[in-house]
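K.L.:
Quick note, the sequences are listed as chains A and B, same order. Quick note on numbering: the first sequence equals residues 15 to 360 in the working numbering. Quick note on numbering: the second sequence equals residues 15 to 360 in the working numbering.
I should point out that these hints are in silico values taken from the structure, not numbers from a laboratory. Check the hints yourself; a few may be wrong.
Identical copies go unnamed one by one, so any copy, or any two together, can satisfy a pair.
Once the Cα atoms are required to be at most 20 Å apart in a straight line, the calculated SDA-like pairs of lysine to any residue come out as [said to hold, decoys possible]:
(1) Lys322 with Pro19
(2) Lys298 with Asn56
(3) Lys160 with Glu175
(4) Lys32 with Gln63
(5) Lys323 with Val280
(6) Lys219 with Met262
(7) Lys160 with Arg172
(8) Lys32 with Tyr72
(9) Lys70 with Gly305
(10) Lys322 with Gly131
(11) Lys298 with Arg52
(12) Lys322 with Arg128
(13) Lys55 with Lys322
(14) Lys55 with Lys70
(15) Lys298 with Phe274
(16) Lys298 with His284
There are 2 protein chains.
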Amino acid sequence: MADQPVRVACVGLGRWAKTLAEAVGRSEQLKIVSCYSRSEKNREAFSHQYGCRAAKNYAELTDDPEVEGVLITTPNDAHTAPVLEAAEKGKHVYVDKPIAHTIADALKIDRGCREAGVVLAVGHSARRLKGSRKIKEIIDQGAVGKLVMAECNFSNDRSLELTPDKWRWYKDKSPGGPLIQLAVHHADTLHYLFGPVRAVTAMTKRLYTPAEIEDVTMTLLEMESGQLCYVGSNWASQGTFYTYVYGMDANLFFTVDFNFWHRSEVVDQHSRLEIQYRGSSEHKPIALGQGDMFREELEEFAQCIRSKKQPEVGGPEATAALAVVYAAIRSAETGRTVAIREVMEG
Amino acid sequence: MADQPVRVACVGLGRWAKTLAEAVGRSEQLKIVSCYSRSEKNREAFSHQYGCRAAKNYAELTDDPEVEGVLITTPNDAHTAPVLEAAEKGKHVYVDKPIAHTIADALKIDRGCREAGVVLAVGHSARRLKGSRKIKEIIDQGAVGKLVMAECNFSNDRSLELTPDKWRWYKDKSPGGPLIQLAVHHADTLHYLFGPVRAVTAMTKRLYTPAEIEDVTMTLLEMESGQLCYVGSNWASQGTFYTYVYGMDANLFFTVDFNFWHRSEVVDQHSRLEIQYRGSSEHKPIALGQGDMFREELEEFAQCIRSKKQPEVGGPEATAALAVVYAAIRSAETGRTVAIREVMEG
Numbered sequence: 015m016a017d018q019p020v021r022v023a024c025v026g027l028g029r030w031a032k033t034l035a036e037a038v039g040r041s042e043q044l045k046i047v048s049c050y051s052r053s054e055k056n057r058e059a060f061s062h063q064y065g066c067r068a069a070k071n072y073a074e075l076t077d078d079p080e081v082e083g084v085l086i087t088t089p090n091d092a093h094t095a096p097v098l099e100a101a102e103k104g105k106h107v108y109v110d111k112p113i114a115h116t117i118a119d120a121l122k123i124d125r126g127c128r129e130a131g132v133v134l135a136v137g138h139s140a141r142r143l144k145g146s147r148k149i150k151e152i153i154d155q156g157a158v159g160k161l162v163m164a165e166c167n168f169s170n171d172r173s174l175e176l177t178p179d180k181w182r183w184y185k186d187k188s189p190g191g192p193l194i195q196l197a198v199h200h201a202d203t204l205h206y207l208f209g210p211v212r213a214v215t216a217m218t219k220r221l222y223t224p225a226e227i228e229d230v231t232m233t234l235l236e237m238e239s240g241q242l243c244y245v246g247s248n249w250a251s252q253g254t255f256y257t258y259v260y261g262m263d264a265n266l267f268f269t270v271d272f273n274f275w276h277r278s279e280v281v282d283q284h285s286r287l288e289i290q291y292r293g294s295s296e297h298k299p300i301a302l303g304q305g306d307m308f309r310e311e312l313e314e315f316a317q318c319i320r321s322k323k324q325p326e327v328g329g330p331e332a333t334a335a336l337a338v339v340y341a342a343i344r345s346a347e348t349g350r351t352v353a354i355r356e357v358m359e360g
Numbered sequence: 015m016a017d018q019p020v021r022v023a024c025v026g027l028g029r030w031a032k033t034l035a036e037a038v039g040r041s042e043q044l045k046i047v048s049c050y051s052r053s054e055k056n057r058e059a060f061s062h063q064y065g066c067r068a069a070k071n072y073a074e075l076t077d078d079p080e081v082e083g084v085l086i087t088t089p090n091d092a093h094t095a096p097v098l099e100a101a102e103k104g105k106h107v108y109v110d111k112p113i114a115h116t117i118a119d120a121l122k123i124d125r126g127c128r129e130a131g132v133v134l135a136v137g138h139s140a141r142r143l144k145g146s147r148k149i150k151e152i153i154d155q156g157a158v159g160k161l162v163m164a165e166c167n168f169s170n171d172r173s174l175e176l177t178p179d180k181w182r183w184y185k186d187k188s189p190g191g192p193l194i195q196l197a198v199h200h201a202d203t204l205h206y207l208f209g210p211v212r213a214v215t216a217m218t219k220r221l222y223t224p225a226e227i228e229d230v231t232m233t234l235l236e237m238e239s240g241q242l243c244y245v246g247s248n249w250a251s252q253g254t255f256y257t258y259v260y261g262m263d264a265n266l267f268f269t270v271d272f273n274f275w276h277r278s279e280v281v282d283q284h285s286r287l288e289i290q291y292r293g294s295s296e297h298k299p300i301a302l303g304q305g306d307m308f309r310e311e312l313e314e315f316a317q318c319i320r321s322k323k324q325p326e327v328g329g330p331e332a333t334a335a336l337a338v339v340y341a342a343i344r345s346a347e348t349g350r351t352v353a354i355r356e357v358m359e360g
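Bound conformation, chain A alone:
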């Protein structure tokens, strides 16, 4: 049994379900056996494209004894019900980031999966980029010295094409706009690199999007360890992704060509990590190799199911990233610094 691929079902069959299905296709550790979307047309097309059953309703999928885990890529505000129903039926859960659209729902999802004894893995893939992994390794080896600060950006132009039939248009479904869709990745990666966040201050603007969400956001994070971090994220300009880390002995500059973000089997080839030692002008390239962040996060999910291990990013980690988003939204609304503790208390 341990050598058999984990049998999964895809739920919510939009663009991202296909990106994950392609990643499953590159792995021998998982196999898609079923799928479900409310749209019959979508599930038939998906079923045909990936060679799996199409469940007629969600109960049929979660009752399916062959299904061991679900890969949920429904809209942010439609995570909770399918996650909890799957967990109650003993199915393990992979859900895309953000874990949910509210802290209350994130906590419900985490508690529900824990009580049901199923694995909960959340798709914070950015920390799995080869560059993020290498930054962590270099920090841990002490090569940058004591940490001073970090700067990150994750932006693209997706809000410009939004229309009212898209859930991302709406504040109640996608609060914070690029904060909850893009900046949440850096919130997780900064937690991975620097430890937990203590407090957040932010400014947000709605400048160019036709939608009701904000499209320009900047967030400052005070880490419990004392460092300061910046996360910029807009939804109105060229795709951008970078992570800069400033240490007393060296700085690290990691940039990813966003045009390859969704193609995780090649994205690391389209990224660059450089180190600049104090006193030197040279930006020395650091070799990264080629990983596959989506395949790897799904394989970790499969391994956790087989070996009963906790995934690297489960409920608590993903809720911490969402809390940064909520603290940023509240800070931008109130014009004051907001402690993570405040948003966790509701």
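Model the placement of chain B on the given structure of chain A, informed by the hints.
P.N.:
Quick look at chain B alone, frame taken from chain A:
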């Protein structure tokens, strides 16, 4: 007379006075005729090195009929008295950035020079970097499209070597640490590129410096035009200078090798400006040529004296940059967003 170089005197003869004297040496538009420092040893050495008189006291320098203008590079908190004394004696004034260490002193300096009818020029050189000039030109031509946001950093490790005999050690002389010494440059350049600042939110930390000032700072700026800007500045890591501008049609990435900052006759050769158009992966280099920001700001000072023009950065512009610093300090202390208006009102 119009073809004669403007005769200037250097006041406050530390490291930066020499950097400016070297810039004067590269120009035919100015000539150093006198100098003054409280230290007899320093003024004798400077007099010898740059072939000028050494005044025995400041009154001797400001009474000198040959002196047309003064180049003041005294500590931040020692600008006001020498500026006002020079202005009262009809001497034109170039003073290094920040214009002063408090808003009240900045306003006194601006008013004093206006009432005396002398030129007041403030050394905000960063906007004169070839890359800053080119960014402005590209924005004005519309090539980046509507402006979305900007990110800047100006950092170096200077606070690590501070000792209590240095004025930069003290909060009352150098409030904000890297904010008032480094970030103030970006405050001016962002004003130049985006227009005035409406409000500021900031976080600051004292992590590694032995001095009493902060050494890690991050500031968010809400511009009156609606865009958001970020300025990071620390005094504990490798020298860094960059300005990134995000537009709807293209992004601009401008970086300067800080190791050449003080050598303005070559710094532009050690900088890089790239443009990335929306939808493209290419970072296309933009040729910058070679300027000389310190020589050029001093030559503009000389031209303003000869032609009675206003300098590009005079009292109001330099006070606006200082107001961003003060708003950032107040925001970091109070944990709330601070309007520029508040700090201008005292």
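K.L.:
Would you mind marking each hint as holding or not holding in the structure?
P.N.:
Here's how the hints hold up against the structure:
For a Cα distance limit of 20 Å, the shortest separation of Lys322 from Pro19 inside one copy, 15 Å, qualifies, whereas the shortest one across copies, 81 Å, does not. In this homomeric assembly, Lys298 and Asn56 never come within 20 Å of each other (Cα to Cα): the closest approach is 47 Å inside a single copy and 41 Å across copies. Proximity of Lys160 and Glu175 under a CA criterion of 20 Å is satisfied inter-copy only: 16 Å between copies versus 43 Å inside one chain copy. Taking the shortest alpha-carbon separations for Lys32 and Gln63, only the intra-copy value of 9 Å comes in at or below 20 Å, while the best inter-copy value is 72 Å.
Taking identical chains as interchangeable, the C-alpha atoms of Lys323 and Val280 are never at most 20 Å apart, the minima being 28 Å within one chain and 57 Å between chains. For the homomeric pair Lys219 and Met262, the shortest alpha-carbon distance between copies (15 Å) is at most 20 Å, but the shortest distance inside one copy (34 Å) is not. With identical chains, the CA atoms of Lys160 and Arg172 are at most 20 Å apart between copies only, with a shortest distance of 16 Å across copies and 37 Å within one. For the homomeric pair Lys32 and Tyr72, the shortest alpha-carbon distance inside one copy (19 Å) is at most 20 Å, but the shortest distance between copies (76 Å) is not.
Taking identical chains as interchangeable, the C-alpha atoms of Lys70 and Gly305 are never at most 20 Å apart, the minima being 36 Å within one chain and 69 Å between chains. In this assembly of identical chains, the alpha carbons of Lys322 and Gly131 lie at most 20 Å apart only when taken from the same copy (9 Å versus 80 Å across copies). Taking the shortest alpha-carbon separations for Lys298 and Arg52, neither the intra-copy value of 51 Å nor the inter-copy value of 45 Å comes in at or below 20 Å. For a Cα distance limit of 20 Å, the shortest separation of Lys322 from Arg128 inside one copy, 12 Å, qualifies, whereas the shortest one across copies, 76 Å, does not.
Within a single copy, Lys55 and Lys322 get their C-alpha atoms no closer than 36 Å, and across copies no closer than 75 Å, so neither meets the 20 Å cut-off. Taking identical chains as interchangeable, the C-alpha atoms of Lys55 and Lys70 lie at most 20 Å apart only when both belong to the same chain, with a minimum of 11 Å there against 91 Å between chains. Taking the closest pair of Cα atoms, Lys298 and Phe274 come within 20 Å of each other only across two copies (18 Å); inside a single copy the shortest separation is 23 Å, beyond that limit. In this assembly of identical chains, Lys298 and His284 lie within 20 Å of each other by CA distance both inside one copy and across copies; the values are 17 Å within and 16 Å between.
Hints 2, 5, 9, 11, 13 from the earlier list are contradicted by this structure; the remaining hints agree with it.
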